[in-house]
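Q: Here's the letter readout for the chains.
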Amino acid sequence: MLEKALSRLLAGKRPAASHLLLAPAALWLLLFLLIPALGLVALSFAKNGPYGEILWRLSLDNYRRAFDPRYVPVLLRTLFFAGGTTVVCLLLGYPLAYFLSFRAGRRRGALIIALMVPFWTSALVAFYSWIVILGKEGLLNRALLRYRLISSPLALLYTPFSVLLGLVYFYLPFTVLPLYASLEKVPRSLVEAAYDLGATRWTAFLKVTLPLSLPGVVAGALLTFVPCLGDFLTAELLGGPRYYLLGNLISNQFLMAQDWPFGAALTVLLLAGLVAGLWGYRRWEAAA
Amino acid sequence: MKKSRGLGAYCAALYAFLYAPLIVMTVYSFNDAHRNVVWRGFTFKWYLTMARDADLMRALTTSLELAACAAAIAAALGLLASYALVRHRPFRGREGYAALLDAPLMIPEVALGVGLLSFLVRAGFELDFGALACAHALICLPYAVAAVRARLASSGGSQLEEAAMDLGASEWRAFLKVTLPLAMPAIVSGALLAFTVSFEDFVASFFLAGVGITTLPIKVYSMLKFGVTPEINALSVALLSSTFVLLGLNAWLSARAGADAA
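These protein sequences, in sequence, are chains A and B.
If you count the first sequence from 1, position 276 lands on 276 in this note's numbering, and the numbers rise without skipping.
If you count the second sequence from 1, position 93 lands on 1093 in this note's numbering, and the numbers rise without skipping.
If we strip away everything but chain B, and leave its shape as in the complex, we get (with noise of 0.2 Å):
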């Protein structure tokens, strides 16, 4: 038993490393100074501060609007790619089809960044909006795909789909009436998840956004660079809890689309 203990001892350190940056930033985005290293009291300023920033509330703004059109996009192409792979009788080029949804995952965003650039200004797009909306739905394609597929897979919904087409309902109206509805939780929580990823996307889109695009994570990237003031505690808490809304909200709706099939 004390090997036991001692090997909890070393995983509560290990996890004591993964969370010592959160917490530190969180604790430091109270404190009343502006340097972060001195505990000078409890304040919530840099929260107004960061609330009263135009900018970054535009960047903000730009962030959510780009997640939002990316995960549609990536839950609306997951959602025909999953039914096709899972529920259509095995084809040729399956296997390829699945990898190639996968690829974007193992491809370094450095890769996909340049590509992307040198792609897009040689053939003559502009970088806006558009195109970075484009690049993120790509990066978030395979999470939209992943969440989709497993939950289709799952063998509840296709013997429902099945008794809907006995009962001599179409194919059409099956997956209107009994897939759609069931995959549903499944299909908003890989939106979410690509949500997310687009979201907090710092990399790829660091080599797209043009001149008028700023995204939060570019906004917070040249505030750190160009000095580093309390607010970008604050800033990184908020986006910290989005982020736990965000997995809590995706954990709630996969444990419900798990009670479904049950």
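Chain A extracted, bound-state conformation (with noise of 0.2 Å):
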């Protein structure tokens, strides 16, 4: 009897079998992240009392306040730094891709994995690492002091530069790897003809390599642009609160300043950000 149940099940000659063997990680979905995200929603519509408690008067303050000269730096400074780093680490890791695709030959596979492991490893103890490298009495000042290259300690933790640093270096695979797989599907024989009908190496790569990959810059770019967005560790660690970006704004007002509706009005702006580049791309994807 069981048995037969479970053998129709697996079979799923129909949707219900399917819907069935689904449900639980839907169930899941459901519970943990949609209702969590709904309840944001809502939630940033609602208004903070005085003790933190939270007041069901429905009204759009949280947004006008999340525009309020005092936000707006911050919003500013966040699309500013995800920007930043999606041209830095599109500039860095396109070369690499490259390479990883055309040049890297038999050493390619281990490479790419070479690649993955710092994304592996936990941002924490990588971030703090950076601490004692770009510290006022940090590895490299000492270096450039050594070397006479500078005369005094320069100020790079806690700068817009260690913000920048740490966020290429923690997406930098985020945008390398999109890269890769598009250069991978480039015909090897369209660049053959290339040179082939004269081009040099140089115009065949800006006419025929690079249009190619488009598709993965693209991919790359909103792969570490919608991330960012959210980053919360990078400037806690790297940035101090100088510069502070939406992530840490939010968890601010969640944490410390313990109004909700506002965090989660903030929260539902980020998510909207994401949405809109998400639905961007599907839209060039279609049209491409």
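If you are wondering where the hints come from, they were derived from the structure by calculation, not from laboratory data.
All figures in this text were calculated on a predicted structure; none of them were measured in a lab.
You may find that some hints are simply not true.
Said to hold, decoys possible - Between beta-carbon pairs, the in silico distance windows are:
id, chain 1, residue 1, chain 2, residue 2, range
1, A, Leu60, B, Ala1103, 21 to 31 Å
2, B, Val1038, A, Pro24, 52 to 62 Å
3, A, Leu255, B, Ser1158, 46 to 56 Å
4, B, Ala1054, A, Pro24, 29 to 39 Å
5, A, Leu30, B, Ala1054, 38 to 48 Å
6, A, Pro24, B, Arg1040, 48 to 58 Å
7, B, Ser1158, A, Pro187, 22 to 32 Å
8, B, Met1184, A, Ile150, 55 to 65 Å
Claimed, not checked - Just a few of them, taken from the derived set where beta-carbon distance is under 10 Å, the chain A residues facing chain B:
id, residue
9, Ala123
10, Ile133
11, Pro227
12, Leu229
13, Leu271
Positions of the beta carbon are idealized from the N, C-alpha and C atoms, including for glycine.
Hints given; two lone chains; assemble the complex.
A: Right, here's the structure in full:
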């Protein structure tokens, strides 16, 4: 009896069986992802009471407040850092992806795994090490002082530079892997044909390889830009309060200021940015 | 050829950038000094200090238990979901399920964290070990699904399964005797990835850890915030090594899964 029921479930001749097998995972996502997200949307229209309690007097005040001159700099800074990180990652990552796809030969597999290792190690640990390297009496400053390249220590840590460095460090693999995937799809015969027709290496790259790898550039940019918008740890550890980003502002509303409705509105704005990015990407993909 | 060598050198420099922090912390974990910057000779003492730190060891136990729970949940849910997505004939809503299962990867962890925090608190749940395990399972789920889906989609298994059924086995017996053993390396590999993700998760835990729960990354964070000691170097190296072991194990399992499929 039981065996028969299980067999029918596995055979999946009817959609009901498929829905049943997917139900546990779907319920999990419903309970811990969709309902909390809808809860945040609802909360974003509520009002914070004087003792941090939530008053359900619905209004758009929290959204208005997000665009208050006090918070606009944080939003702009977040866009600026996310954009800057994307540009730097693309510029740094494209040659690497090109090398992996066209030149790496037998070492390719090992190099790709090596690229993923820093991604899998805890960002907490890596950023801590960057603090040791970049600090006022850190390794870099000591080395530069010793070789008399500078006369007094540079302020590297807790600056826009260190935030950008941390973001680039963490998100570089996110840019490189889509770039690599799309470079792999460039037909080698087309590049050969360009050479046969007398194109130089550079021309062949500009006219054939680069345009054909554009989908990877867009995907890599999106996969870098969107997570950067919600980054929290980088500015927390390498930036300090002066360079807080949207993620830090959200965290402060929930953990320090205890203004959950305002924090919820900021989170909804973040998620709206994410959805807009994905939607734009889909449109672009469909049009291409 | 000259240009190619320049490109190679550039890539080597980029890899040096990616590995610099990992190397620095490994070297300094053996430094016999209370401050990081000056090298004063080789020592193992920070590793001993770490091993004797009772708080740290408690945090380690919590993190291991949490990762085991999250990985088990993610592997079980992921196996059922992947089976329906790959082996069942196309049904309405399949794309929707697939997109939903990937969603935890795309949503910033800060948003997941504050969303769960406000939901759990307002719904009257305790922020305890169970709540954190559920949240971790959510974050790990896409990894478990991806590993098992790829394995089930590779052709070898479904033919063997059909052969078993042609020989008179029911779907259930074919699943138990053929599909499950064949998918096992991928299930374990997905669970290991899930374990790694949970073990290293900081952001979601940071929002959800109630008063009583301290995971290892949270402990490391508070040590960082309240003064740096070389003990953290040793701890970081220990974490790093465990990541290497887990990833190595995972690569080995994937290679085995690939060999079986061939």
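Q: With reference to the structure, classify each hint as holding or not holding.
A: Verification of the hints:
| no. | hint | in the structure |
| --- | --- | --- |
| 1 | A:Leu60 - B:Ala1103: 21 to 31 Å | holds (27 Å) |
| 2 | B:Val1038 - A:Pro24: 52 to 62 Å | holds (55 Å) |
| 3 | A:Leu255 - B:Ser1158: 46 to 56 Å | holds (49 Å) |
| 4 | B:Ala1054 - A:Pro24: 29 to 39 Å | holds (38 Å) |
| 5 | A:Leu30 - B:Ala1054: 38 to 48 Å | holds (40 Å) |
| 6 | A:Pro24 - B:Arg1040: 48 to 58 Å | holds (55 Å) |
| 7 | B:Ser1158 - A:Pro187: 22 to 32 Å | holds (31 Å) |
| 8 | B:Met1184 - A:Ile150: 55 to 65 Å | holds (57 Å) |
| 9 | Ala123 | holds (7 Å) |
| 10 | Ile133 | holds (6 Å) |
| 11 | Pro227 | holds (6 Å) |
| 12 | Leu229 | holds (7 Å) |
| 13 | Leu271 | holds (6 Å) |
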